[in-house]
Amino acid sequence: MSRRALAWLIAGAVAATACYFLVARPPGPNAYLIFYLGTPAVAVAFLAAGLAAWLRWPGSRLGLLFSLVGYFTLLPALDYLDNPAGFTIGNAAVSLAGAALAHLGLAWPTGRLRSRFERGVVVAEYASAAGFSLLGMLVWDPAFSGCDASCPANLLLVYGSRPAWDAVNVLNAVVSAVLTVIVVVLIVRHWRSARGWSRQAMVPLVWVAVVIGAESAITNVTGLYRLPPLANLIFNGWAPLVSLLGPVLFVISTVRARTARGALGTAIVDLEPGAPPGRLRDTLARALGDSTLQLAFRDGNGFTDTSGLAVDPAQPDPGRAVVPLTGPQEAVLVYDAGLELEPQLIRLTVAAASMALEHSRLQAEVQAQLELVRASRARIVEAGDAERRRLERDLHDGAQQRLVTLTLALGMARSRVAGVDPELEALIEAAGKEAKEALTELRELARGIHPAVLTETGLAGAIQALVERSPAVVTITEVPRERFPAVIEATAYFVVSEALANVAKHARAGTAQVSIRRLPGRLAVRVSDDGAGGARPERGSGLAGLADRVASAGGVLRVDSPPGAGTRLEADIPCP
Amino acid sequence: MSVTAAHRLRLVIAEDAVLLREGLRRVLTDAGLEVAGVAGDAAQLLQLVAAQRPGVVLADIRMPPTQTTEGLEAAVEIRRRWPGTAVIVLSQHVETEHLFELLAGDARGIGYVLKERVADIAQFTGAIRRVAAGESVIDPQVVARLVTRPRQDGPLQTLTERELAVLALMAEGRSNQAIAAQLFMSPKTVETHVGNMFAKLGLLPAAEDHRRVLAVLTYLRG
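Note that the protein sequences, when read in sequence, are chains V and X.
Under numbering that gives the first Met the number 0, the residue at position 423 of the first sequence is numbered 422, and the numbers go up by one with no gaps.
Under numbering that gives the first Met the number 0, the residue at position 146 of the second sequence is numbered 145, and the numbers go up by one with no gaps.
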């Protein structure tokens, strides 16, 4: 809204209020102040709400309606003027504020009336408010209301008739009551049929409508009677103040939008990274206060929301609105159309949702890359293992086998020359010894490359072999006899092998314990000794390499080695 | 060596390396054993044993198709189907896991020998004959590994060097007589040593040699 229009609106509101105080007669010493101040209090509240509503929802009629209620509230004060024209207009306008209030209630929260019927009801409201007043004026002699000659003349008076005037009043009361009931029922129905954001917006209105409706119905009836002073004070002085609930409605909706804005920010910060889209939708819906919020993604030719429902962004359901998200993903938010009144809130939601999705996407990308790297590392280790197995087998089937055959041939040669040529026999014996040495060395070499006993018998046999070879006193507490995938067995084996090698080399340990336990989902390897401690993974490349090896199998290696208190090496290896 | 045909040992050889297989056949035939057939893998071996019913089976542990423990499994299978058949497996491993798998049933007539032992023909044929006679033959290098293993203070530490030597020979499957001959002791002395040791180690005295082999090996391994 332009500053100029705003200035006019403010000027209008101030002028109208000022006029009231100019024309209204201050209460006498015996009168109640409420009759003097109640009207401007209600009017000022509505005028202020109208201004604020105009600022907040420039495209909506709500600002106009709030303002209208304010002006109509002030209008009857014209009858304070000692002027027949003012007196006449003031009296004729006495019910217009109520009609505008009904209009406001029916148009809440968008400012638009929902159906032809409702437009008809509103027209009827205005018509009955103005019509019955004017009709009454035709037959109302101010003297009927205890006015003496000091009252200005009723300019519309055609023929003063008390029975006619009473009849008009009764009819007016009945019609007003019926209209009030209709309006309240319609508002309740709006509330019942609304969903999401709009339903939330309707909740306070229902309360307000019921209270104001009840007040209106009661004063319709009491207006027909001349009331004792106390009842007059209550029904005509204080009761009209319930109209103040109208502006309160505006305050509530403002607070709600502001709360939603704050909640959105907090929700996005609290949302864990990489949360599934369904969780994102739930979080946004809760923060926004629109339980009908849908988050839909491009799915082939159409869109599908997080609960699997098909969504057509080109043709949203009635009462729904669509906004696309920004970012590389094709996604839309579908929300209650009532939110269209809060474009800022929608922008904020779109930004938050886009950001969260982008965050998730990046997260997933990094995760996927990490997964690739992990898999490739595991493959490299596996390939290395396979290569070691192949090498060991080649050595066994090739060089070792040939050396055995050679030793056999040498044995045969030796037995041929035994006792015939002692010199040659000694020579052949020496050659046989060499061949045997070579065989032993080759066996150790092959074992170091890859222990065949691990492939053949699994962890139990291989760990037993390690323990038998260790120069330290090693006891096996527990080793499962079952077989595991080769990578897992090899990893567990190398952990124990390296740990026992360290025990022999550095720990100056007397004893060590080995245990491999099968736990749900993992293999827990532990080697502990009573040696010097002080082993640090970063110092010995052996332990660092071992940590890498365990990590490549998706596991963790822990080294607990306080100086002087022994070393404990623990590896947790994931195992299906 | 002259052996009458009636006493000639009949054996079959299972070994996938052709050169070695043929070498063994020749050496053993020359040594007076009757090689009733040779096999290149475990399946052939089982067929051969079924057809020939030899007294002794000599089998390489690693054979096709997987080159892991086919020979061992075949040996166990042969012992199950033809319990009287003596079996010697040839191993490249000093590790004891396979040995204990082999001994799990009955240690009588079982041999576990490192492959390179074939070089010493006299010793090797001796081992075959011992196994054929129902003794157990465990490779000295494998036993040595178990005996020399460091261990916590216990009864084993209280054995004298002499007693340890007797223990190792027992673990190799030697009879008291053989131990006496090898260590230049009287059989009586060996018996005394054995009795003392079994008492020290808390083992039940076993009359039969093949039972005490298992008892001693199990003790050493534990």
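In short, the hints are calculated from the structure, not lab data.
Bear in mind that the values here come from a model prediction, so they are computed numbers and not experimental data.
There may be inaccurate statements among the hints.
With beta-carbon atoms standing in for the labels, derived distance ranges [said to hold, decoys possible]:
| hint | chain 1 | residue 1 | chain 2 | residue 2 | range |
| --- | --- | --- | --- | --- | --- |
| 1 | X | P64 | V | G533 | 58 to 64 angstroms |
| 2 | X | P64 | V | A367 | 48 to 54 angstroms |
| 3 | X | R210 | V | K504 | 39 to 45 angstroms |
| 4 | X | P64 | V | G509 | 27 to 33 angstroms |
| 5 | V | P573 | X | A180 | 32 to 38 angstroms |
| 6 | X | G201 | V | R480 | 43 to 49 angstroms |
| 7 | V | P484 | X | G201 | 37 to 43 angstroms |
| 8 | V | S375 | X | P64 | 28 to 34 angstroms |
| 9 | X | Q46 | V | P484 | 33 to 39 angstroms |
| 10 | V | P573 | X | P64 | 37 to 43 angstroms |
| 11 | V | P573 | X | Q46 | 43 to 49 angstroms |
Covered by chain V, per the in silico footprint, the following chain X stretches (three or more residues, Cβ under 8 angstroms) [to be verified]:
| hint | stretch |
| --- | --- |
| 12 | 8-20 |
| 13 | 38-46 |
| 14 | 110-118 |
| 15 | 124-130 |
| 16 | 160-174 |
| 17 | 191-205 |
Using N, Cα and C, we set each Cβ at its ideal position, and we do this for glycine too.
For each hint, the structure was consulted:
Against the hinted window of 58 to 64 angstroms, the Cβ-Cβ separation of X/P64 and V/G533 comes to about 49 angstroms, which falls outside the hint. For the hinted restraint 48 to 54 angstroms between X/P64 and V/A367, the CB-CB distance of approximately 40 angstroms leaves it violated. In this structure the hint that X/R210 and V/K504 lie 39 to 45 angstroms apart at CB holds, the actual value being about 40 angstroms. In this structure, X/P64 and V/G509 break the distance hint of 27 to 33 angstroms, their C-beta atoms being roughly 46 angstroms apart.
Between V/P573 and X/A180 the Cβ separation comes to about 57 angstroms, which falls outside the hinted range of 32 to 38 angstroms. Separation of X/G201 from V/R480 is about 26 angstroms and departs from the stated range, judged on CB atoms against 43 to 49 angstroms. Distance hint check for V/P484 and X/G201: the Cβ-Cβ separation is about 41 angstroms, which falls inside the suggested range of 37 to 43 angstroms. Taken as a hint, the range 28 to 34 angstroms holds for the pair V/S375 and X/P64, whose Cβ atoms sit roughly 31 angstroms apart.
At roughly 34 angstroms, the beta carbons of X/Q46 and V/P484 sit within the given window of 33 to 39 angstroms. V/P573 and X/P64 have their C-beta atoms about 32 angstroms apart, which leaves the hinted 37 to 43 angstroms range violated. Range check, V/P573 to X/Q46: about 44 angstroms between beta-carbon atoms, so the 43 to 49 angstroms window is met. Here's how the stretch 8-20 of chain X fares: 3 of its residues keep a CB closer than 8 angstroms to some CB of chain V, so the rule of at least three is met and the hint holds.
Counting residues of the stretch 38-46 of chain X whose C-beta lies closer than 8 angstroms to any C-beta of chain V gives 0; at least three are required, and the coverage claim is violated. Coverage of the stretch 110-118 of chain X by chain V holds in this model, with 4 residues showing a Cβ closer than 8 angstroms to a Cβ of that chain against a need of three. Given as covered by chain V, the stretch 124-130 of chain X fails the check, having 0 residues with a CB less than 8 angstroms from a CB of that chain where 3 are the minimum. Counting residues of the stretch 160-174 of chain X whose CB lies closer than 8 angstroms to any CB of chain V gives 0, so the stated coverage by that chain is violated, three being the minimum.
For the stretch 191-205 of chain X, the stated coverage by chain V is not satisfied: 0 residues place a CB nearer than 8 angstroms to a CB of that chain, which falls below the threshold of 3.
In this structure, the hints that do not hold are numbers 1, 2, 4, 5, 6, 10, 13, 15, 16 and 17, in rising order.
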